[in-house]
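Residue numbers (my numbering), protein chains in the order written: chain A, 157 to 382; chain B, 4 to 372.
Some hints could be false.
[Said to hold, decoys possible] Pairwise CB distance ranges (calculated):
{"id": "1", "chain 1": "B", "residue 1": "V157", "chain 2": "A", "residue 2": "R357", "range": "33 to 43 angstroms"}
{"id": "2", "chain 1": "B", "residue 1": "L11", "chain 2": "A", "residue 2": "A263", "range": "51 to 61 angstroms"}
{"id": "3", "chain 1": "B", "residue 1": "D50", "chain 2": "A", "residue 2": "G275", "range": "18 to 28 angstroms"}
{"id": "4", "chain 1": "A", "residue 1": "A263", "chain 2": "B", "residue 2": "T52", "range": "23 to 33 angstroms"}
{"id": "5", "chain 1": "A", "residue 1": "V218", "chain 2": "B", "residue 2": "H61", "range": "27 to 37 angstroms"}
[To be verified] A short, non-exhaustive set of chain B residues, derived as facing chain A with CB atoms under 10 angstroms:
{"id": "6", "residue": "N37"}
{"id": "7", "residue": "L49"}
{"id": "8", "residue": "A60"}
{"id": "9", "residue": "R64"}
{"id": "10", "residue": "Y68"}
{"id": "11", "residue": "I70"}
{"id": "12", "residue": "Q72"}
{"id": "13", "residue": "F76"}
{"id": "14", "residue": "P77"}
{"id": "15", "residue": "H78"}
{"id": "16", "residue": "H122"}
{"id": "17", "residue": "A261"}
Worth flagging that the hints you see were computed from the coordinates, not collected in a lab. Every value quoted in this text rests on a predicted model; they were computed, and no experiment measured them. We put the beta carbon where it would ideally sit given N, CA and C, even for glycine.
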Amino acid sequence: MMWSWIPGNWSLIWHLTWENAKLGVLPALYGLVLSLPLGVIAARWRWFYPPVLTVITILYAVPSLALFIALIPAFGLTDTTVIIALTVFSLCVILPNVVAGLRAVPAPVRQAATAMGYGPLRRLVTVELPLAIPLIIAGLRVGVVSGISLASVGQLIGVSSLGYLFIDGLQRSFPTEIYVGLVLVIVLALVCDLILVAVGRVLTPWAADPRERRTSRAARLVKVAG
Amino acid sequence: MAVDALNLEVPEGKTVVLVGPSGCGKTTTLRMINRLVEPTQGLILLDGTDVKSRNPAHLRRGIGYVIQQTGLFPHRTVEDNIATVPVLTGWPRKKARERARELLALVGLEPELAKRYPHQLSGGQQQRVGVARALAADPPVLLMDEPFSAVDPVVRAALQDQLLSLQAELRKTIVLVTHDIEEAIKVGDIVALFRPHGTLAQVAPPEQLLAAPADDYVAGFVGFDRGIRRLSFVPTEGLVLDASPILPADATVAKALAVGQPWICVTDADRRPRGWVAAATLAETPGDTPLGQVATEPVGHAFTVGTDSLRAALDAAVLSPAGQAVGVDGDGRVRGVATFDQIRAAIQAADAPAADLRLDQRIPEGPRS
Numbered sequence: 157m158m159w160s161w162i163p164g165n166w167s168l169i170w171h172l173t174w175e176n177a178k179l180g181v182l183p184a185l186y187g188l189v190l191s192l193p194l195g196v197i198a199a200r201w202r203w204f205y206p207p208v209l210t211v212i213t214i215l216y217a218v219p220s221l222a223l224f225i226a227l228i229p230a231f232g233l234t235d236t237t238v239i240i241a242l243t244v245f246s247l248c249v250i251l252p253n254v255v256a257g258l259r260a261v262p263a264p265v266r267q268a269a270t271a272m273g274y275g276p277l278r279r280l281v282t283v284e285l286p287l288a289i290p291l292i293i294a295g296l297r298v299g300v301v302s303g304i305s306l307a308s309v310g311q312l313i314g315v316s317s318l319g320y321l322f323i324d325g326l327q328r329s330f331p332t333e334i335y336v337g338l339v340l341v342i343v344l345a346l347v348c349d350l351i352l353v354a355v356g357r358v359l360t361p362w363a364a365d366p367r368e369r370r371t372s373r374a375a376r377l378v379k380v381a382g
Numbered sequence: 004m005a006v007d008a009l010n011l012e013v014p015e016g017k018t019v020v021l022v023g024p025s026g027c028g029k030t031t032t033l034r035m036i037n038r039l040v041e042p043t044q045g046l047i048l049l050d051g052t053d054v055k056s057r058n059p060a061h062l063r064r065g066i067g068y069v070i071q072q073t074g075l076f077p078h079r080t081v082e083d084n085i086a087t088v089p090v091l092t093g094w095p096r097k098k099a100r101e102r103a104r105e106l107l108a109l110v111g112l113e114p115e116l117a118k119r120y121p122h123q124l125s126g127g128q129q130q131r132v133g134v135a136r137a138l139a140a141d142p143p144v145l146l147m148d149e150p151f152s153a154v155d156p157v158v159r160a161a162l163q164d165q166l167l168s169l170q171a172e173l174r175k176t177i178v179l180v181t182h183d184i185e186e187a188i189k190v191g192d193i194v195a196l197f198r199p200h201g202t203l204a205q206v207a208p209p210e211q212l213l214a215a216p217a218d219d220y221v222a223g224f225v226g227f228d229r230g231i232r233r234l235s236f237v238p239t240e241g242l243v244l245d246a247s248p249i250l251p252a253d254a255t256v257a258k259a260l261a262v263g264q265p266w267i268c269v270t271d272a273d274r275r276p277r278g279w280v281a282a283a284t285l286a287e288t289p290g291d292t293p294l295g296q297v298a299t300e301p302v303g304h305a306f307t308v309g310t311d312s313l314r315a316a317l318d319a320a321v322l323s324p325a326g327q328a329v330g331v332d333g334d335g336r337v338r339g340v341a342t343f344d345q346i347r348a349a350i351q352a353a354d355a356p357a358a359d360l361r362l363d364q365r366i367p368e369g370p371r372s
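Here chain A stands alone, though its shape is the one from the complex:
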């Protein structure tokens, strides 16, 4: 480990980290945007989901490098190639969670919403999707973390990411670069994950933390006993 390498290459490290973050996060966001309408359709028309799930599972089984190479004829050795491939992968983890989240809306809640006079669209936007947020966020977290990790593979087709440090370190037999790249990928994934957890908390104030739920249950017991 050669610590002095780090300050000497600060701007390179920063640039690669930023590129890697972009390549990891953007596909997950695109995946979310695609998953929402697909998930809504799949939750409403059940026959739609099994074939879609089969297709995305097959796509998910394709090695990332193979998918990059398959996309090169259309999009070249560019960010776009990597982003499209990683969007497909993120779709595979986010869509099932969107569907699960919408299906997990309790039937009495949905029925009550209808009986109160909600139209289907308003019910979806103001009742069902908000209630699906915890599961959607869970899917997004997996999508972002795996995206950040897979983005480094993009380096193999020349798209800048922290993967550069692995390849360069290997070619030059310089392990410091590899360690720095590894640590940065992990830190980047953790930071993005924490941000998503925080976003989830803000968006779902009703899904109180387990500590509060315990006390309220205890308070309820006391009330019943008293």
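Starting from the structure of chain A, add chain B where the hints point.
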């Protein structure tokens, strides 16, 4: 077919209870009113208009809906849950929340609960919020599907009492579904009893259902103790009370024996019942002893003449060591006692009009009020 050839009229401002075994179509019937279920044939008229001719969402905003599992929105606070329909119909949020606070008070909940989420409330509180939400836009019609079935019996009784007092004030047209005949008899102005496959067995006021069941199915459904339960609807005003065995605590044993009754009801200075003492016990006590110094057996409970029913009087007699019910006035002062014979006489007197009810039975599906 869940519901077949059903003809039922719900009078305005009354509570009609649909009751029957599970799978009898009572919930289906209820859901046809707000078009959660569409009938394959026939008409549902609300205020004379076919519900099918109305936009379902608009129709439903004018019909309150309460269900067993509450269906409260987990992601909205209590006040926002209650404000749902007002907000849907375009009220400004502030005004809708003010309305929610009013309703919170109306259903007997603390204002502090307004900012809580449903999961932070007890089952009974959630059910009250459900009722408040249904009432928020002041709909003339309220549909309640097993509203109190998921809570424990004590809370259920409290919720039923609350429904009765709300209804006395608000006079909504309520259709309530339950499988619990006791609940139907307690809260219903009219009970519609279903047979297993969506046809009606009898539609009648509860006292008539108990006194004159249309057939063996109805009699079986209302239960073996219907004879006793229908006494809940017979007032105690006609009951003859005997004041002779009632003596104050400062009267002597000798005086009590002179009354010639097998049991003496001893009262305190305010004429409230202290207890029963048997003549056999008094015979072994010195004659100049005040009754207040003789050990008595507890009265159990007394019934209030006028407000309590004959069922309460009969229950008081059954629980009393003397086999006699102690009747008190509104302030708890003893008015007199009633024996089983006197209670039976009052029941027989009440049975005379029941014969008329039985004739009335032949037109079971007409409007009644």
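Structure-based check of all given hints:
The beta-carbon spacing between B:V157 and A:R357, approximately 37 angstroms, falls within the hinted interval of 33 to 43 angstroms. Range check, B:L11 to A:A263: about 27 angstroms between beta-carbon atoms, so the 51 to 61 angstroms window is missed. A C-beta distance of roughly 23 angstroms is found between B:D50 and A:G275, which places it inside the suggested range of 18 to 28 angstroms. For A:A263 paired with B:T52, a C-beta distance near 30 angstroms keeps the hint of 23 to 33 angstroms intact.
Here the CB-CB span from A:V218 to B:H61 is close to 50 angstroms, at odds with the stated 27 to 37 angstroms. Restraint check, B:N37 versus chain A: the minimum CB separation of about 6 angstroms is within 10 angstroms; hint holds. The restraint placing B:L49 at the interface with chain A is violated, with a minimum CB-CB distance near 14 angstroms, outside the 10 angstroms limit. The interface hint given for B:A60 is met, as the beta carbon of that residue sits about 5 angstroms from the closest beta carbon of chain A, less than 10 angstroms.
The beta carbon of B:R64 comes within 4 angstroms of a beta carbon in chain A, closer than 10 angstroms, and the hint placing it at the interface holds. With its C-beta approaching chain A no nearer than about 4 angstroms, B:Y68 sits inside the 10 angstroms limit, and its interface hint holds. Interface hint status for B:I70: upheld, as the beta-carbon distance to the closest one in chain A is roughly 6 angstroms, under 10 angstroms. Satisfaction of the interface hint for B:Q72 is found here, the shortest Cβ-Cβ separation to chain A being roughly 4 angstroms, below the 10 angstroms cut-off.
Of the supplied interface hints, the one on B:F76 holds, with its beta-carbon coming within about 6 angstroms of a beta-carbon of chain A, less than 10 angstroms. Because the beta carbon of B:P77 sits about 6 angstroms from the nearest beta carbon in chain A, less than 10 angstroms, this interface hint is met. This hint holds: B:H78 has a C-beta 5 angstroms from the nearest C-beta of chain A, less than the 10 angstroms allowed. A least Cβ separation of about 7 angstroms between B:H122 and chain A falls short of the 10 angstroms threshold, and the interface hint therefore holds.
Hint status for B:A261 relative to chain A: violated, with the closest Cβ pair at about 51 angstroms, above 10 angstroms.
When each numbered hint is compared with the structure, violations occur for hints 2, 5, 7 and 17.
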